[in-house]
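There are 2 protein chains.
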Amino acid sequence: MSTLFQPLTALSGLPADAIGDVITFGNDQPLTLDSGAEIKPLTVAWKTYGTLNAQKSNAFLLCHALTLDQYAAGTHPVTGKPGWWSSMVGPGLPIDTDRFFVICINVVGGCMGSSGPHEVDPATGKPYGLNFPVITVRDMVRAQAMLLDHLGIKSLFCVAGGSMGGMQVLQWAASYPERVFSALPIATAARHSAQNIAFHEVGRQAIMADPDWQGGDYLIKGTTPRKGLAVARMAAHITYLSEAALHRKFGRTLQDREALSYRFDADFQVESYLRHQGAMFVERFDANAYLYITRAMDYFDLAADYGGSLAQAFRGSKTRFCVVSFTSDWLFPTPESKKIVHALNAGGANVSFVEFDTDKGHDAFLLDVPEMFATLRGFIGAAAQARGLNAKADA
Amino acid sequence: MSTLFQPLTALSGLPADAIGDVITFGNDQPLTLDSGAEIKPLTVAWKTYGTLNAQKSNAFLLCHALTLDQYAAGTHPVTGKPGWWSSMVGPGLPIDTDRFFVICINVVGGCMGSSGPHEVDPATGKPYGLNFPVITVRDMVRAQAMLLDHLGIKSLFCVAGGSMGGMQVLQWAASYPERVFSALPIATAARHSAQNIAFHEVGRQAIMADPDWQGGDYLIKGTTPRKGLAVARMAAHITYLSEAALHRKFGRTLQDREALSYRFDADFQVESYLRHQGAMFVERFDANAYLYITRAMDYFDLAADYGGSLAQAFRGSKTRFCVVSFTSDWLFPTPESKKIVHALNAGGANVSFVEFDTDKGHDAFLLDVPEMFATLRGFIGAAAQARGLNAKADA
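Respectively, the protein sequence lines represent chains A and B.
Going left to right, the first sequence walks through residues 1 to 395 as my numbering numbers them.
Going left to right, the second sequence walks through residues 396 to 790 as my numbering numbers them.
Careful: at least some of the hints might be erroneous.
Here are the simulated DSBU-like cross-link-like pairs (lysine-lysine), alpha carbons at most 30 Å apart as the crow flies [to be verified]: (1) A/K249 with B/K435; (2) A/K40 with A/K56; (3) B/K435 with B/K451; (4) B/K713 with A/K338; (5) A/K221 with B/K476; (6) A/K249 with A/K56; (7) B/K644 with A/K249; (8) A/K221 with A/K40; (9) B/K644 with A/K339; (10) B/K713 with B/K549; (11) A/K338 with A/K318.
Just so you have them, the derived chain A footprint on chain B, three or more residues with Cβ under 8 Å [stated by the list, open to error]: (12) 591-602; (13) 617-631; (14) 640-646; (15) 662-670; (16) 685-694.
These aren't lab readings, by the way, just hints derived from the structure by calculation.
Ideal Cβ placement from N, Cα and C applies to all residues, glycine included.
The following block holds chain A by itself, in its conformation from the complex (with noise of 0.2 Å):
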C-alpha cells in the first residue's frame, strides 16, 4: 500500500482508510506509460458507491476532473463537503447507486492516494516530488483499466466525466471501444486548446515562482509552496465561471464595506471571494500534482494517436455516446464537443448530443442543471434498458 509522505494540511489525523480503497500492485504489473518510463509499483486508489451485480454488468466508472478525486458521492473527508457529483449520483438520482456499481478511481498523478509526486518513490523512500514521470490522459486510464481487470469487471456499463474526466471518456471509449457499453464526455474536448494551454502555464509558473515550492522538493523541506499555488487556482477559477456568472453573483459589489478603501485591500467580493478560493485550495491539494495533471491535460490530442483523424479513433465503435456542453463554458466551448460529435459520425458511431443554456460557465456540469439531470437520466436509462439492467424495482 502506498504512503502518504506528509499528509495535506486537512488529511492528518484522518483515518488510514479515508482514501477509500487502495490497491498497490507487485512490481511484476507496472504501469508503462506513454512517455516509456514505468511506474513500479503502482497503486491505486478509488471509491465505490452501490452494489456490482452478478454480471458484473453494472459497472458505472466515473473520471474525475483535475482537482477533484473518488469522492463522487458521500462526504469528501478533507473537506467535510458533499462529493462532487453528489447532485447526480446516489439512490434515485440520475447515476442511481440502487441499480448500478459507480467506481471512481484516484487518477495517477493526483493526491488522494493513487501513485503521485506527493506519494512516497518506494524505490528511494523519499516523495517522489519532479521524480515522478510525466504522465498522459492514456496512462490515467492505463491505470484505471489495470484496476477493473483486478475488479474482474470486463465491460462497463458506462463511463462519464466532465472536463478532464471528458478527456477520460474519450480515451476509453477510443482505446477499449469493447468494454464501454455507454459513454458521457461533458463539457471537454480531444484535444487541450492554445489558450487552455496558456492557462495551465501560468499556474504551473505561479508555482514554481514559489520559494517554497523548493524546485519541487517541499514535502522533503518541510514548506508548503501556498501562495504559488493559491495564485495558480485563482487564475483558473476564473475559467471556472462565467463573465455573466461572476457579474451575477458579485458584480461590483463592495466587500463588507460602505465605500473603496484606496488601498491594496480585497475592496470588490470578488477579491475576496477569489482570495477565499486560493485559500481553500491549498488546504486540500498538492502543489506537484497540480502541475502533472494540467500538464497531462495539455498533452491530450486524441487524434494524434490515430494519424491525426479524430473520426479514426471511433471508428466503428459500437459505444452510445452523449455529448454535452454549456452555451456560457469558455474553457471547453460547445464547438469542441461538436467537433467530437463530427468525429463520432464520421466514425459511425451511436451519439446524441445536448448543448445546455447557462450562464454557470464550465463549472455548470457539477452544478444544478435541472435540464442537464432530465437529459442525462434519459439517456442512463435509455443504455440500461438496452443494457439489459433491471431497474431497482424488478431487481
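Please build the complex by placing chain B on the supplied structure of chain A, with the hints as guidance.
Here is chain B on its own, set in the frame of chain A:
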C-alpha cells in the same frame, strides 16, 4: 523634476531626457485625488508629435493603456521598439502629425516619469512604494488637464485611447465636456467588470506573493519581484488575445522539438511565447505601478459619479463620439461599448459606433486592422473639417 529612484533595468544608461518632456508643479498646485489625498509636488511626463497651431485648436490627446506610456509613436527608449500606435500616429497616418499636435501623457501612477510609486517621494527622499496614494482614472485625467492648462490648451480637438485609454477618454468627456471636441473610446467600458477585476486581482496577488516584492519596498531593499510580475503579465496577456488568435498563431505547435518532452519545459510554442512575454515585461515595467494602475481600472465606474446614470455623465454633451469595439475582444466585449453608445444617445450626444470583425482580441486596437484605420481616418477627417482645421496642403 522628478527623480527615478532606481531605474528599471533597461532604463539604465538612458539619457536624462529619454522620458520626453517633464514638468513638476509647485507645491501650491497639488493634485487632489478622489481619495482625498494629495500628490505634492506633482510631476507629469509627456511626449508630443507634430506642431501646435496658432489657435491651439489642433491638440490631439492620446490616452495610453495599462502598461503603455507616452511613447505612442517614434522609438521607445527602453524597448527600442516602435511606439504603441506607430501604425496610427505619424505624417499622413489617420492621426496625422502634419495636421495635429499629438500629446501623450504618462499616467499618474505609471513608471515613465510621471508621479508614481516608482518615483522618489520628495517628503522622504525615498521611493514612494506603497506610500504612493491609490489613484483613479479620474485622477489621471485631472493631472492631464493640469498639464494642458499649463500648455495653454483650453480645448482638445480629439481625445482617443483604447482599453484603459478609452476609460480616460470617457472620463475626459464627462469631466470636461467643453474641452473635448471629439472623442474616440476604443475597446473599453464605462465600468470594469467583475471578471476583469478578478483577473487583475490574480495579477496583484502574484506580485505580492513574490518575496522579492518585499511588502512593496523592493526599490529600497534592492530586489525586483520578477517572477511575480512575470506571472501577472502572463495571465493578463492571455486576456489581451482571443482563443482564435492563439489557435491561429500557435495551435499545439511544439517549440524547437519534434516530440513532447515529458518534462515541465516549454514544450508548446504558446508556453514559450508566454514565458517570453513575462520576461520582457519585467525589464520595462514597475511592479508597484502595475498594482496601482490595475487598481485604478478596477475602481472605474463612471456612472457612479453621476447618481448611477451613465447617460447623466454625458447629458448635453456637444462632443462628437466614435465608439469602437472588436468582435473577438472578450476583455472589453462589444456589449460594454453598446452600453456607452446607449448612454450617449440617451444623453443626447452625437455618437457613431463601429464594431470591427477580427480574431485579434482586445489587442486589436494596437494591431493592423485596416478597416479600423479607414474608419478612424474618416471620423477624424470629418471632425477636423467641422473644427475648421485645414488639411496639411491648405495649412
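Straight-line alpha-carbon gap A/K249 to A/K56, limit 30 Å:
Violated - the C-alpha atoms of A/K56 and A/K249 are around 45 Å apart, more than 30 Å.
When you check the alpha-carbon spacing of A/K338 and A/K318, does it fall within 30 Å?
Given pair A/K338, A/K318 holds - Cα atoms ~19 Å apart, limit 30 Å.
Do the alpha carbons of A/K221 and A/K40 lie within 30 Å of each other, as the hint requires?
Holds - the C-alpha atoms of A/K40 and A/K221 are around 25 Å apart, at most 30 Å.
If you count the residues of the stretch 591-602 of chain B with a beta-carbon closer than 8 Å to a beta-carbon of chain A, do you get 3 or more?
holds (count 8)
Can the restraint linking B/K713 and A/K338 be considered satisfied, given a maximum Cα separation of 30 Å?
violated, 49 Å
Proposed proximity, B/K476 with A/K221 (alpha carbon, max 30 Å):
violated, 44 Å
When you check the alpha-carbon spacing of B/K435 and B/K451, does it fall within 30 Å?
Given pair B/K435, B/K451 holds - Cα atoms ~28 Å apart, limit 30 Å.
Quick one, are A/K249 and B/K435 close enough, alpha carbons at most 30 Å?
Distance ~40 Å between A/K249 and B/K435 Cα, so the pair is violated.
Pairwise hint evaluation, A/K339 against B/K644, where the allowed Cα distance is 30 Å at most
It holds: about 20 Å lies between the C-alpha atoms, which stays within 30 Å.
Given as covered by chain A, does the stretch 685-694 of chain B meet the bar of three residues or more with CB within less than 8 Å?
Answer holds; 4 residues pass the 8 Å Cβ test.
Tell me if chain A covers the stretch 640-646 of chain B under the three-residue, 8 Å CB rule, please?
holds (count 5)
Check whether the Cα positions of B/K644 and A/K249 lie no farther apart than 30 Å.
violated, 34 Å
Hint check: violations occur at hints 1, 4, 5, 6 and 7; the rest are consistent with the structure.
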